[in-house]
Structures are given as structure tokens and as C-alpha cells.
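Chains as they are written, first to last, in my numbering: chain X, 1 to 629; chain D, 1 to 56.
It should be emphasised that the hints constitute simulated quantities derived from the structure, not laboratory data. Some hints here could point you the wrong way.
Stretch by stretch, here's where chain X covers chain D in the computed footprint (C-beta under 8 Å, at least three residues) [claimed, not checked]:
#1 1 to 12
#2 16 to 26
List of simulated lysine-lysine pairs, DSS-like, C-alpha gap at most 30 Å [as the list claims (entries may be wrong)]:
#3 LYS7(D) with LYS214(X)
#4 LYS285(X) with LYS44(D)
#5 LYS44(D) with LYS480(X)
#6 LYS406(X) with LYS232(X)
#7 LYS7(D) with LYS286(X)
#8 LYS330(X) with LYS347(X)
#9 LYS406(X) with LYS416(X)
#10 LYS44(D) with LYS124(X)
#11 LYS51(D) with LYS286(X)
#12 LYS624(X) with LYS7(D)
#13 LYS44(D) with LYS538(X)
#14 LYS236(X) with LYS209(X)
#15 LYS209(X) with LYS7(D)
#16 LYS124(X) with LYS480(X)
#17 LYS330(X) with LYS319(X)
#18 LYS7(D) with LYS236(X)
#19 LYS250(X) with LYS7(D)
#20 LYS319(X) with LYS7(D)
#21 LYS379(X) with LYS339(X)
#22 LYS51(D) with LYS624(X)
#23 LYS406(X) with LYS330(X)
#24 LYS406(X) with LYS7(D)
#25 LYS7(D) with LYS232(X)
#26 LYS347(X) with LYS416(X)
#27 LYS376(X) with LYS232(X)
#28 LYS285(X) with LYS51(D)
#29 LYS51(D) with LYS124(X)
#30 LYS480(X) with LYS51(D)
We treat Cβ as the ideally placed atom computed from N, Cα and C, and that holds for glycine.
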Amino acid sequence: MLAQGVGNTEIIVVLLYLLTIVYLGYLGWRRTKSASDYMIAGRQIHPFVMAMSYGATFISTSAIVGFGGVAGMFGMSLLWLTFLNIFVGIFIAFVFLGGPTRRMGHLLDAHTFPELLGERYQSKFIQVFSGLVIFICMPLYAAAVLIGGSEFIATKFDIQYQAALLLFSVIIAAYVVMGGLKGVMYSDALQGSIMFIGMIVLLIMTYSKLGGVKAAHSELTTMANIPSLFGKIGFKGWMAMPEFGWGESKYELWWIVISTIVLGVGIGVLAQPQLAVRFMTVKSKKELNRAVLVGGIFILIMTGVAFVVGSLSNLYFYKHEVITGKIISKTENVGVIAKKERDIEAKIPCTLLHIDINDDGVPDVDIVEKGHDVVKDGKVVLPASVLMPAAEVTDLGDGTVEVKPKAISFLRAVVKTKTGDWMFNTDSIIPTYVTRALPGWFGLLFLVTLLSAAMSTLSSQFHTVGTSIGRDVYETITGKHGHGIGITRLGIIIGIVIAVLLSSYARGGYFIARATAIFFGLCASAFLPAFFGALFWKRMTKTGAITSILVGFIITAFWLLFIKDKEARAIGLCYALFEKHSLLLDKPNWSVVDPIVIALPISIIVAVVVSLISKPPSEEHLNKCFRGV
Amino acid sequence: MLGIESKGILIVYLLCIASSILCVVYGLLNWNRGEEAVGPDDVKWAAEESKVEEEL
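Chain X extracted, bound-state conformation (with noise of 0.2 Å):
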């Protein structure tokens, strides 16, 4: 089935690019060539290769494809995370959290997150169990970089998302297993430089498809009119913000793209532990002063580019799309799942229709031709004919149609699932896109553009799940420093397989995005207030921090569990005690306020209150701390 959409030049391309990437790793082995390397040997790395290498880390497929797609679904307001992604993620890090995170973990030697804290706190307590939160939540992040790549492999081969699922596993894990777990700085900047290129190129060709920068937003914004399935919940289209206010259903976009999105990770990845080893690999504050300059552009062109295209995709799928093939078959009255969550699916009924666009008899394409009300008591409940699109189709008289899909991007991203269902899947919105509005050697350049991004991510995402485990439960609970390199391994393969198991899972319902924002929103409720006290506050005391982690991460997991709509569902928990999805699913918006918006206040609260009335460190413990800082 494979060989069906891949051909000599896709083959090639990949294994050009893995070989170069096995060779930059195998130069790296021999030559010593890691962050700390550099350190030992007292050299510097060159600035472009150190931000590149950041960026390459920081930037995933979950970006590019996941909230790429949300902004294909939600619009442009999402553009806020690219400007928290910059000015938070970037400059506020690099400027003011970069040095006194280094220079703490050089002094306490400490070469984990969790390590890090155990030791300013001096708390065993803060490590163990920092390191299992890690442990336990980060594969959920893992999956949905997976995921990312998956979607587009499956996209663009015209192949099973659990076959592409597989592939794109298999290389990861020979990528990580091969030495990408050492963090070779030029193949991550091999990646990264990629990466940039490939975002570049896409951001060009989409403005110059649809006219331009002017005529493209002027025409994405008469689209507003159309009939949209989310015009309930505050859509206003995609060139304009979400409904804002507090109490009505009419609301409750804006707090799912700005609590979720935009604040669950515009603001998590100050915590995240793999951003605070970074900072340790670098010699000096010169380095990172030097890498905000090409940071800063960086983020701009990946997240940046993924929002703006993701929004522009609506413009492509409904005016300019023209699909020429044959019609290989027709689904009458299916109903395709738009929001799938544990025991429930919303379907819509829709006609599909299936067609072969590469004249071998088999359907590569498969579109909405026309909705169907749904009617209740002879009452029309979904509009589904007025909301779904009408393809427009005119035969060309040689057995071929031309098909114009007329359909924003959400239901235009129509695939099918495992269990042979159909579904609106907001993580094949960009796939889709690239495949079928830019040119073949584009798709080409971006599936190594995606994995250079997953393949980077993925290898700092498994080491620190390693460490956790390895470093800072096994080893700090025995006491056997040095001796928890085979626990390291065993967490890795751990965490690959749960990874994997994952994104077999959960596919649809814009998983990527919220398993990003889960983990990103987490790390901030319960780190944030521990990590900002230990580098900048020296009368945060141990106990502050334990109650502030402790508060942070239990007001997170009841929000999720008991709270969230989407999160309590899709668990179940709060079904099987409660009978309800949520306990607040009658009271609007509050089942879809992201926890980070209640529990990183009170985190930061408790921190401050505890810390006030317990013990003070001892002075000598804090000149070893802060020694410079």
C-alpha cells in the first residue's frame, strides 16, 4: 500500500537527508561536539548554530501541524501565542531567565530541572517528584509531535495514518537510539536551518497563490458571512477575534483559544524542563544574548507562518480548490464525526464523495458533496445542508469531473479512522493544504521540514523523560549517583512506547493542541512559581515551594479530570462518579476555561504566603546559590 504514493524521488530525498543527519551525529561522537563540549573545551559555538539549534528543539510538528490546524479551524487569533512564543518564550527567557538559571545549575551542579530545584530548595521531596510529573506527562506531548508528523505522512502518501503512524515511529526511534539523544549542536542546526527554509518558502507561495498580502486577508475576511458550525460559541471569522465576554455560550471561543491556547503554552514554556537544561549548556550570557536576535526571527517564521497559513488554507479549500478525477464512489448519508470524545460523537450526515485523481482506480481525495439536516420531531436541529459545503461538480465529458469542494478547511480535512468511521480532523488541515494547493517537490521539502522539527524535539523531549526517571526519582530516592544510566534507558524506551500508544489513540478533536497545552499549562501551575522564586526570590522557602507544586499540580489535575469539558470527557473520571461530563456544564464558559487561568494564580499565592511564614534558608545555603547570580 505504501508503494502506491511513494515513489523514487520521495525515497531518495528522505535517505539523503537521514544519511547527512547519521553523518552530522557520527561527526559529533567523534568529535566531541555537544553544548558541553564547547564548555569544556572552553570554545564558542557559533551564535547562528546555538539559535538554531534552540529553535530546532523549541519548534515541533505540534506547531507547524497542530495549532497550525487550530488556526485553520479558529482563525488568526491565534496569532497571540505567536507573540507570547516570541516575547515570553524568547526574549523574557533568554534575557532574564537564562543567566541565573545557568549560573544556579552550574553552582548547585545540577543538570536537571527537578535537580535544580531539589537542590536550591534542598528537597529531595521537590526532585522525586517533579521527575515523575515529568515522566508521567511528558509523553503526552511526545504524542502529539508524533502525531503531527503522522498526519502529514499519511496525508501526503495517501497511506493509513497507523501505517504512517508506524513509519515515522521507526525512524524516531532509530534517530533517538543512534545518538540524537546527545544533542549534536550542527545536526540540530542542520535541522532548524531546514526548518526555516521550509516555512520561508510556504509562507511565500501561499500569499503569491491567493494574490498577495492585502487581497488575500481582504478576501479571508468576506468569508465571515458563511455559515459556520462554530458561530454559536463566538466565531467571527477568521480574520477577526472571537466574541469576548463572560456567562453565555457566545463566549466560549475566546476563552477556549485564549485560556487554552494562547495562555496554557504562551506562558508554560517558561517552565519547561527542557528549556532550563538548555540554558546550563551555554558558556556565557553572551550566547544567549546572541540568540535572541535569530530566536526571535525564528519564532516568527514557524509559528507565525503556521497561523497565518492555517487561517489562509479557508481562502485556498473554498474559492480557489479544483479538484480533476474520476468519481471512484459515492458515501450517501454518513454521519462523520466533528467532535469525538469518549462515548460520545457528534456526527454530521453528509455525502462524500471519493475521487482518484492519479488515474489508479483507487480514490485519493475524499470531499463533503452536500450536508443533510439533521430533523427531530420535525424540527430541523443541524442545518447540516446550510452549514456544510456544496461541492460543485461539472462533468468533462471523458469520464473525468472537475470538482470544486467549496469548503473551509475544517470539512475539507475529511479522513477516515481506524474503526472505518469517518471524521473532520483538524490535525490534517495543513497536510491537506500542502499536498493540495503547492506543488510536489514542496511537499518533498516539508516532510523534511517536519522531520527535522519532530526528530529534534522528540530527541530532547525522550532524554529529559529518561532523566526524570533515571536521575532524579531512581537515583535520588537509592542514593546511587551515577548508577541510574540503565533506569535512563529503560524511561526512554517507556516513554517512546507510551508515546506511540498515544497517538494511536487520540486522533481528532484538535489533539495536538490541547496535549500541548495540557503539559505547557501543567509545568507553569505547578514549576512556574517554584522556578521564578528559587532563580529571583531568596526568601522562597522549601516549604513555600513543595505547597506551591503541590497546589499547583493537584488544582490542574481535579480542573482537568472534574472540570474541562473536552479533558473530563475524553478520561471519564468525573462520568463514572458523577453521572456529568463536568461539574460546571450547566454554568457557560467555566467548562472550558483552561486550569492554568485558576491554578497559576493560587500557585503563585500559595508560594508567596507559604514562603512568608515558614522557615527563611540558611544564608549559607543561599551564597551557595546564589554565588554570581
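Given the coordinates of chain X, assemble chain D onto it according to the supplied hints.
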């Protein structure tokens, strides 16, 4: 401006570009600042980090 009618979107579109420019200007102004000597703490830290990476 730029074909964007919504103020909220126009502001954030420009803020993204402005924050990138801020990063560029900061990077240029501080390009040669912040040099720090590598001390024994730093070398000890890097040696252990390198050892852990090698073992993995």
C-alpha cells in the same frame, strides 16, 4: 491596513513583527556583551553532562 479590518488581529499581527524586531535590536546591541569566564564550576558541570550523554 494590510487588508486586516479587525483591530484585535491587526494589533497582534504587528505585535508579532514588532517583538521580533525587539529581539533583533536587543541581540545586535548586546552582541558582544555578557562574556563570562569559564570557571571550575562550569567545567565540572560540563564534564558531568558530557559523561551522562556519552553513557546514554
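Results for each hint:
1. Interface restraint, the segment 1 to 12 of chain D with chain X: holds (8 residues with C-beta to C-beta distance below 8 Å; minimum three).
2. With 9 residues having a Cβ less than 8 Å from any Cβ of chain X, the segment 16 to 26 of chain D passes the three-residue criterion, so the hint holds.
3. Restraint check for LYS7(D) and LYS214(X): satisfied, since their Cα atoms lie roughly 15 Å apart, inside the 30 Å limit.
4. Of the supplied pair hints, the one linking LYS285(X) and LYS44(D) holds, its CA atoms being roughly 18 Å apart against a limit of 30 Å.
5. Taken as a hint, the LYS44(D) and LYS480(X) pair is honoured in the structure, with Cα atoms around 19 Å apart against an allowance of 30 Å.
6. In summary, the hint linking LYS406(X) to LYS232(X) is supported, as the alpha carbons are separated by about 22 Å, within the 30 Å threshold.
7. For the given pair, LYS7(D) sits about 38 Å from LYS286(X) by alpha-carbon distance, which is inconsistent with the 30 Å threshold.
8. Using a Cα cut-off of 30 Å, the hinted pair LYS330(X) and LYS347(X) holds, with the two alpha carbons roughly 18 Å apart.
9. For the suggested pair LYS406(X) and LYS416(X), the alpha carbons sit about 20 Å apart, so the restraint of at most 30 Å is met.
10. Restraint check: the Cα-Cα separation between LYS44(D) and LYS124(X) comes to about 22 Å, which is no more than 30 Å; the hinted pair holds.
11. Distance hint between LYS51(D) and LYS286(X) is fulfilled; the C-alpha atoms sit about 25 Å from each other, no more than 30 Å.
12. Simply put, LYS624(X) and LYS7(D) have alpha-carbon atoms about 50 Å apart, too far for the 30 Å limit, and the pair is violated.
13. Our distance criterion of 30 Å between C-alpha atoms is met by LYS44(D) and LYS538(X), whose separation comes to about 25 Å.
14. Distance restraint check for LYS236(X) and LYS209(X): the Cα-Cα separation of roughly 25 Å lies within the 30 Å cut-off, and the hinted pair is therefore satisfied.
15. The hinted pair formed by LYS209(X) and LYS7(D) meets the criterion: a straight-line CA distance of about 25 Å does not exceed 30 Å.
16. For the hint pairing LYS124(X) with LYS480(X), the CA-to-CA distance comes to about 14 Å; that is within 30 Å, so the pair holds.
17. With a C-alpha separation of about 23 Å, the suggested pair LYS330(X) and LYS319(X) falls inside the 30 Å cut-off, and the hint holds.
18. As the CA atoms of LYS7(D) and LYS236(X) are separated by approximately 13 Å, the hinted pair is consistent with the 30 Å bound.
19. Taken as a hint, the LYS250(X) and LYS7(D) pair is honoured in the structure, with Cα atoms around 20 Å apart against an allowance of 30 Å.
20. In summary, the hint linking LYS319(X) to LYS7(D) is supported, as the alpha carbons are separated by about 25 Å, within the 30 Å threshold.
21. Taken as a hint, the LYS379(X) and LYS339(X) pair is honoured in the structure, with Cα atoms around 22 Å apart against an allowance of 30 Å.
22. Taking the CA atoms of LYS51(D) and LYS624(X), the gap is about 24 Å. The hint holds against a cut of 30 Å.
23. The straight-line distance between the Cα atoms of LYS406(X) and LYS330(X) is roughly 17 Å, inside the 30 Å bound, and the hint therefore holds.
24. Distance restraint check for LYS406(X) and LYS7(D): the Cα-Cα separation of roughly 28 Å lies within the 30 Å cut-off, and the hinted pair is therefore satisfied.
25. In summary, the hint linking LYS7(D) to LYS232(X) is supported, as the alpha carbons are separated by about 22 Å, within the 30 Å threshold.
26. A threshold of 30 Å between alpha carbons decides the hint, and for LYS347(X) with LYS416(X) the separation of about 14 Å falls inside it, so the pair holds.
27. Between LYS376(X) and LYS232(X) the alpha-carbon distance is near 20 Å, which keeps this suggested pair within the 30 Å criterion.
28. Distance restraint check for LYS285(X) and LYS51(D): the Cα-Cα separation of roughly 24 Å lies within the 30 Å cut-off, and the hinted pair is therefore satisfied.
29. Under the criterion of a C-alpha separation no larger than 30 Å, the hint pairing LYS51(D) with LYS124(X) is consistent with the structure, at around 23 Å.
30. Among the hinted pairs, LYS480(X) with LYS51(D) is consistent with the structure: their alpha-carbon atoms are about 16 Å apart, no more than 30 Å.
The structure is inconsistent with the numbered hints 7 and 12, although it conforms to all the rest.
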